[in-house]
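Asks: Go ahead and model the full structure; you've got the sequences and the hints to work with.
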Amino acid sequence: MLTDAEIEIVRLSAIVAGWSVLASVIPGILLGWLLARWNSPLRGLLQGGVMLPLVLPPVVTGFLLLALLGHSGPLGKAWEAVTGGQIAYTTGACVIAAATVGFPLMVESIRLSIVSVDPKLEMVSRSLGRGRLATFLRVTLPLALPGVLAGAVLSFARALGEFGATIVLAGNIEGETRTIPVAVYTLMNTRDGESAVLRLVAVSVAMSLAALLAAGWLARRRRKGQA
Amino acid sequence: MSIEARIHHAFRGFTLDLKFESAGPVVGLFGASGSGKTTLLNCVAGFIKPREGKIAVNTRVVCNRPGGTWSPPERRKLAIVTQEPLLFPHLSTRANLAYAPGAADRLEDTSGWKILDVLRLKPLLERAPATLSGGEKQRVALGRALLSAPEMLLLDEPTSALDAELAREVLALLLDVKRELKIPMLFVTHKAPELMALADDCIVLAEGKLLAQGPPVQVLSRPRAIGVANLVGVDNLLRLQVVRHDEPGGVTLLDLGGHELAAPLSTADAGKHVSVGIYADEIMLCLEKPAGLSARNALPCRVLRVDAIDHEVLVGVRVGATELLARITPAAAEELKLQPEAAAVAVIKTAACHLLG
Chain A
-10 MLTDAEIEIV RLSAIVAGWS VLASVIPGIL LGWLLARWNS PLRGLLQGGV
40 MLPLVLPPVV TGFLLLALLG HSGPLGKAWE AVTGGQIAYT TGACVIAAAT
90 VGFPLMVESI RLSIVSVDPK LEMVSRSLGR GRLATFLRVT LPLALPGVLA
140 GAVLSFARAL GEFGATIVLA GNIEGETRTI PVAVYTLMNT RDGESAVLRL
190 VAVSVAMSLA ALLAAGWLAR RRRKGQA
Chain B
5 MSIEARIHHA FRGFTLDLKF ESAGPVVGLF GASGSGKTTL LNCVAGFIKP
55 REGKIAVNTR VVCNRPGGTW SPPERRKLAI VTQEPLLFPH LSTRANLAYA
105 PGAADRLEDT SGWKILDVLR LKPLLERAPA TLSGGEKQRV ALGRALLSAP
155 EMLLLDEPTS ALDAELAREV LALLLDVKRE LKIPMLFVTH KAPELMALAD
205 DCIVLAEGKL LAQGPPVQVL SRPRAIGVAN LVGVDNLLRL QVVRHDEPGG
255 VTLLDLGGHE LAAPLSTADA GKHVSVGIYA DEIMLCLEKP AGLSARNALP
305 CRVLRVDAID HEVLVGVRVG ATELLARITP AAAEELKLQP EAAAVAVIKT
355 AACHLLG
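Chains as they are written, first to last, in our numbering: chain A, -10 to 216; chain B, 5 to 361.
Some clues are possibly wrong.
Unchecked claim - Here are the simulated EDC-like cross-link-like pairs (lysine to aspartate or glutamate), alpha carbons at most 20 Å apart as the crow flies:
id	chain 1	residue 1	chain 2	residue 2
1	A	Lys109	B	Glu88
2	A	Lys109	B	Asp160
3	B	Lys118	B	Glu130
4	B	Lys186	B	Asp204
5	B	Lys81	A	Glu111
6	B	Lys23	B	Asp204
7	B	Lys23	B	Glu56
8	B	Lys53	A	Glu111
9	A	Lys109	B	Glu78
Rather than coming from a laboratory, the hints here were simulated on the basis of the structure.
Replies: Printed below as a string of structure tokens:
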């Protein structure tokens, strides 16, 4: 069984992944909608920008985030001036790193599910007297909901596995930023760490598999719902 | 009720450029596919912003561009019903009907009950949209639009995705809606019988331009002359009242401008109107009434115009108040010496009078 320290690591990982999904779901819906319905030449550029963290090496993403949020970065300085604290090397930094890296998966899943909603349904809604926002909330979003949930689950799974950006932006602080991947890496370099590594690896595989199965089930529901 | 539109809009190699005014209350937009009728409807609905134009419904200006008013679709009070019913799949039938602002309240009072009654929607309320048949879905879509209390209903070929029998059923419902609920409509169709049955005024479009406007009988009675013969399918499309049936004789007698036209036996009751199509080729012209004729109809008429087009001659004649178009050869025209105002007799076989329902 897991030791108390390992349970703490799993708990921290779940909290970080959970918060990263919660923080990105509303911006994810907005961007997914924009990328699905906005007819502008700038759309391709925006899409590229959103997808960038998916293809950048996570360590590079972490470096860019640190340049922005570290104690000499512009946002980091501003935060320090207002709150007196810092962003980097906190649990919050873990959440930011995980959310950034998982965001493209979230947006893409939402975008695809919004694209598959028939725009004529939105037309009918508007001609029945419901404005753009009401139409989005009453028609588009409910019909795209399985895609939103699938995106949330996928980005949750991605957040659980996040290592590169996390280690750069948040470091490796026990109880604060030592999530499962960071802990596994640390334990691998520790004498007698093998059994703990195996246990954490097993938990990691189980959680990721469960998330993938859930995402697949939601994606099937999405297709069935539109058939 | 009235609608007034002046639109100039060009996109993707197509230009819509027209101006019309109509007092309706039911206006039919008629034309071939690609003539611009759906584009026009979408301009009225507010889904297409014309480059230049002014659109007013009941004198309320919904669009005046460039520079002026632009109401978004949700503020126009013009509910659209399209070919596909487009029910919201995540909502129940009842929730679909209650979708528009205020519709839930209307469902609970007499104005809503009347709509449910006319469209026979009560048995469908508790069923999921996915379990409804095509015709039932279209009834719900109509009900949903009417329950939004629109000033005018916009219909984009509401029967064309349905098979012939269901299309007749939906057309009958639209007639009930017109009669019972007195709601003005602007409807797009490429089916002449639908236009005849439903429209009070008819706008004919071709290649984005207004070709003709008037009551459907008038517009469609000379389809070849206004270039819609291929749409109408017959050259003479008439809306005639049933006078009586002669069952032993196998004919139904229709009132054609004071004369009786013998058509094949119909099931329509006396006093009702039926649509009759007659091809111009199937009308024979004689200078005087022939004797010993098997054809049941020999109608005295007066020649209105004689138009030679390529190797055929189109002769417009007037029987009572009705105009008919006959097609003859140049040789026959030469021999009969047909001139405007000349008296003639139009001979039509009973079987040539095609009842269109």
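Asks: Each hint should be assessed against the structure and marked as holding or not.
Replies: Each hint, compared with the structure:
no.: 1; hint: Lys109/A with Glu88/B; result: holds, 10 Å
no.: 2; hint: Lys109/A with Asp160/B; result: holds, 12 Å
no.: 3; hint: Lys118/B with Glu130/B; result: holds, 18 Å
no.: 4; hint: Lys186/B with Asp204/B; result: holds, 13 Å
no.: 5; hint: Lys81/B with Glu111/A; result: holds, 16 Å
no.: 6; hint: Lys23/B with Asp204/B; result: holds, 18 Å
no.: 7; hint: Lys23/B with Glu56/B; result: holds, 12 Å
no.: 8; hint: Lys53/B with Glu111/A; result: holds, 17 Å
no.: 9; hint: Lys109/A with Glu78/B; result: holds, 14 Å
Taken one by one, the earlier hints all hold for this structure without exception.
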